[in-house]
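K.L.:
Residues per chain, in single letters:
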Amino acid sequence: MASEETVLEPSRVQSDPAGGSRPAIVVEDLHKSFRIPTNRVDSLKERAVRPFAPREYRELHALDGVSFEIRQGEFFGIVGRNGSGKSTLLKLLASIYRADGGRIRIAGRLAPFIELGVGFNHDLTARENVVLNGVMMGLTPAEMRRRLDPVIEFAELEDFADLKLKNYSSGMLVRLAFAVMMEADADVLLIDEVLAVGDAAFQQKCADAFHEMKAAGKTIVLVTHDMATVEQYCHRAMLIADGRIQHIGEPGEVGREYLRLNFEGGDASKLTSGTKDLRLDGLWLENAAGERVENLERGEELVIRGSLEVLRETPGVRVGFTLIDENGHGVFQFGTGTDEDGPGLGPGDRVAIDSRVENLLTPGRYFLHFGAQRYPDPKATVLHVERALGFHVFGGAPSQGVVELPHATELEVEGRG
Amino acid sequence: MSAPSPIAQSAPAPAELREVHGPSALGGGPRRFFDLLWLMSATEFKRVYFGTVFGYLWSLVRPLMLFGVLLFVFTQVFKVGSSLHNYPVLLLLGIVQYTFFQEATTSAVTSVVGQEGVVRKTQFPRLVIPLATVLTAFFNFCLNLVVVFAFILAWGVEPMWTWLLFPVAVAALFVLTAAVSMILSVLFVRFRDVAIIWTVLAQVLFYATPILYPLGLEDFLSETVENLLMLNPLAVIFEQVRVWMLESSAPSPAEAAGGALHLLPALAIYVGVCAFAVWIFNREAPRVAEEL
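Each protein sequence line maps, in turn, to chains A and B. Per the working numbering, the very first residue in the first sequence carries number 1363; after that it's consecutive. Per the working numbering, the very first residue in the second sequence carries number 225; after that it's consecutive.
Chain B on its own, in the form it takes in the complex (with noise of 0.2 Å):
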């Protein structure tokens, strides 16, 4: 029973009395908090993927058959994509990054409840539940714009300087993202029909963000109806990937919305759900524990 023991034998550092103020979302200094954000999000990466016989490939097997399929059936029996050169290629660019938000928003739900032992039993920063559940979508989503990416290219889609843009409309993305995942993990705590919830108003996003069918094709969709849909946030994330990554030429937003000032109520609702997010959560986080 030699084996030394693991107690570092620093002298005791005299220690000052510090308040305790109990559990919050960001709990432990900030150090603590990125370290485990970015060990929790990697190691879950790793243990999907890599735990897995064809690992990361099943994560693109997802996205490439809804894109089959929906390929299929609006450029061959619908005939909405046919009119488009780049329809293909939209179409692709659109599921990846709704698959992002719908993959890391679904996950987030169930994140604080599922991680229940850490949180009763460990002072935890709770905020680092449902980011680690986004970040680890986000990797995924990484490797699937190379995909993506591969497949612009080799529809011959003439590189942009605006493709150097893209990177904010990610950061767009990535901050509505975690902020509904930040909304309903913590809403799941008291309700449990959020998840049944948000599966159904998921769906609707879909539908309602312009990713099956173009915007600004000759009588297709009514003024109106495009004005309605750019209220949708990530609908005008989506229509300025477009308008950076395949066409210059497609509506930007603002024609969409029929003029800049018609972006407002958009702005303003990713805002709101921004602010929201982080007034409930740290409402909340203190009580999660108890709610449990």
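Extracted from the complex, chain A is given alone in its bound form (with noise of 0.2 Å):
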């Protein structure tokens, strides 16, 4: 649980870039239970058998009174882990789930979407089903069959448009979808991790595609918990944690408080220590760009930044890593040195990680503990955290190892027989 202080009421959000623009979502006070059988009832014997034995059931509070408002040409994000709810307001806000209590209230037509795709039927062509989608999005067929050929067209997909989908690729599919959905014109659109499709090129035009419609004025609810995206598209964001709004405003704000709320405590899996004196505010990796990004290519620089917020006085503080592998097994250990003279730091100062590595990884997956310490105090580790940071290495051959460490090896012709 991050902090009561961070919640903040939407009326308190100051960032507004749509300023002054009409309401196109407004959520009042959202309340939203799933009734858990701890006996799943499934068939008409054991209700038969037991008729009058007690239905148990354990309630879930997906969400928990959720208010907020997002303004008419507003691009939104809303981030959260898994199990926080955002899926369950987003499917409510898509008309999907009934809510418990509360009121819903959206101006324009929305495409009724949450994924990619869905109501494609895989017997019948691209033609046929750009037809059937676009009618579930609320447009007439002769609408949507005079509005098919740029459809296809975006999609890059003329030469298969009598296709079966079964015949499709995954990408293909995608590109079909996307295509539909932004020809559909919906008022607004509610998306569930969608941005990363397709090549490079269709991606590109993706993002143009958003451009457009943020010019156009269209309203974007977009639900990830790829906080690069957020920070990337959206004017505005919103964290939610256990089905309540920890924090809504800028995007780079949302960001940190997401990953705050990542590191401390709730995870069983992130073993946090000694907070009493300090906390990790935020680590995450950059490029070379100075952007937060989640993957590394091959060979290219780990840059490790982050945050630091001291809670007790202390002359200095130390930093150090361990990076492991998928298996948990220790690739190495590295960190800040050993000077003597700290700087001499208070409470509510705050000190800034920055730790670049050269990278040697082979491709995959990898994790960084993460240890700070007062300093000079070399007893105890006053704060230590667990897999503070997991990250891809991706690109080129796959290889036996964790490390290609720098070598020379060539091979001469000795001798001919």
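No lab work stands behind these hints: they were computed from the structure. All clues stand as given, with none of them false.
Derived DEER-like restraints, expressed as beta-carbon distance ranges: (1) Thr423(B) <-> Pro1385(A): 51 to 57 Å; (2) Ala378(B) <-> Glu1515(A): 51 to 57 Å; (3) Phe415(B) <-> Ile1398(A): 16 to 22 Å; (4) Leu491(B) <-> Glu1515(A): 54 to 60 Å; (5) Leu491(B) <-> Gly1533(A): 55 to 61 Å; (6) Trp262(B) <-> Gly1758(A): 51 to 57 Å.
From the three backbone atoms N, C-alpha and C, an ideal C-beta is built for every residue, glycine too.
Two chains, two separate frames, one set of hints: put the complex together.
P.N.:
Below you can see the structure in the form of structure tokens.
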């Protein structure tokens, strides 16, 4: 749980890039809980055998009093960890679930999809599916037939328009679905993690289309757990945890809040200790251009950035990392040196972490354990975060081992027989 | 990368806020409902019958085979049919009607669960799903009726003005089929044994409807049995079709029931099934996505 003071009322949020425009989505005090039967009665027989047996339920509060407002023309991000309630919220907005309490109001036509390609019938051709999907989005069949060609063209599938979808590759499917969604011309779009579709060229096209939609005053709600996307596209973002709004505001701010939520408790796999003295406020990877990234290309320098908050007076701090591979085997340890003179820090001071490592790692998944100490006080590790950061190294051929050390290996013909 | 953007460049109309009520049976307005219903059933029909080599022929083969076998058994073995001149046409008409009812309801049972992706991931008017399967079966039924009609004429049945009333009976059958399909499709979401129960019940209903055995034959069915049969709305519809289409002299449903008043229970069952269908579908539709 993040601390309570981070909860902002929507009315207190100042950043409003679409300033003064009309609201597109207004959500008031939304509640939704699911009844999880502890003992699911799935057949009539079980009912018949024990007709009066109490049906036991566990109440799961997926959303617990959520209120916010999204303005027309806004690109709004919703972030949260798995099980935070963000998908439930999206399904409520899309009228897939019915709310237990509260009110949702939406202006204009909503694209009622939360996933691309839903409702595609794989036994029908692309043309037939485009019409079917368009009608699901609320257009008439005639209207959709008129828009058929631009859709096929946008998806770059002119040569495959009469092919049945079961013969499509997954990339083609996603392109088609995306093209239909763009063409359906809804006023409000709900999107669940779909920005990374197709190859680089198509992604660029999607990005352009998004910018055009922004310009055309469309409202877009994006649900994701990828902070980079949120910071790249969104005007404003909202963080949910445990069915409540933790923070609404500028994407960067929400991103930092999200990282903090990730590192502080809540997740049993991340063991944190000693938070009385120091607190890790965020830890992330950056690329050469200073943008946050989640994954690295093989050979790309490992730039680890982060922020520490000092809670108790100390002459200085020292940080260390342990890099481990996906099997938990340590690769190597690194960290700050042992200079004698600390800068002298007091409560509330912040320390920026900047660590650069030459990337000799082979493609795969890696994690960093993080540790921090008050210094000089080398006796105890005051802060330790297991798997504080995880990332992929991608690109190139797979290789044995975890590192590629610099080497020079040559062959020379010694003699001919 | 010069493909034109498909986004319509219309100025954003100032839209008013409207309250969202969550999923429902009809959800999303009547126009969208009927567009979707039509498109889904038509494409499904096309898929089934134009996707196979002999297409539509296959759907005709099944009732015709059943017809052939039953005709042989009941005219040659049990001799029930031989006493009635029109028995073969009556049998064929009955089988084709019942095939529609059975095909529609059995495919409707799993329809909502089968469309899981659509139900869980889009805002989709739930009622479209079972109704589309009924409509697909109905298209098939209409095509079969053409064959039956040709057979009726070839058999030498005199055209009657009451043939014009046939659509009324078909409408009654359609509504009942749709109602049963709605109940089954939404109950199956909660109770998976509905599928098995229904295959058995459909079998029972087949024999509880005068298809194999004509009513009003001397020394065949007792009056009590005929009266009891008229509790079944399907039996009433089928018997009325027989009177209108084949023999105006055949016992009308009222006669078979032993008086017009005795048709009231069947009517009550018919209305009750329809009302129950509407009630339970409306009640369950909003929660279907969660129950799946």
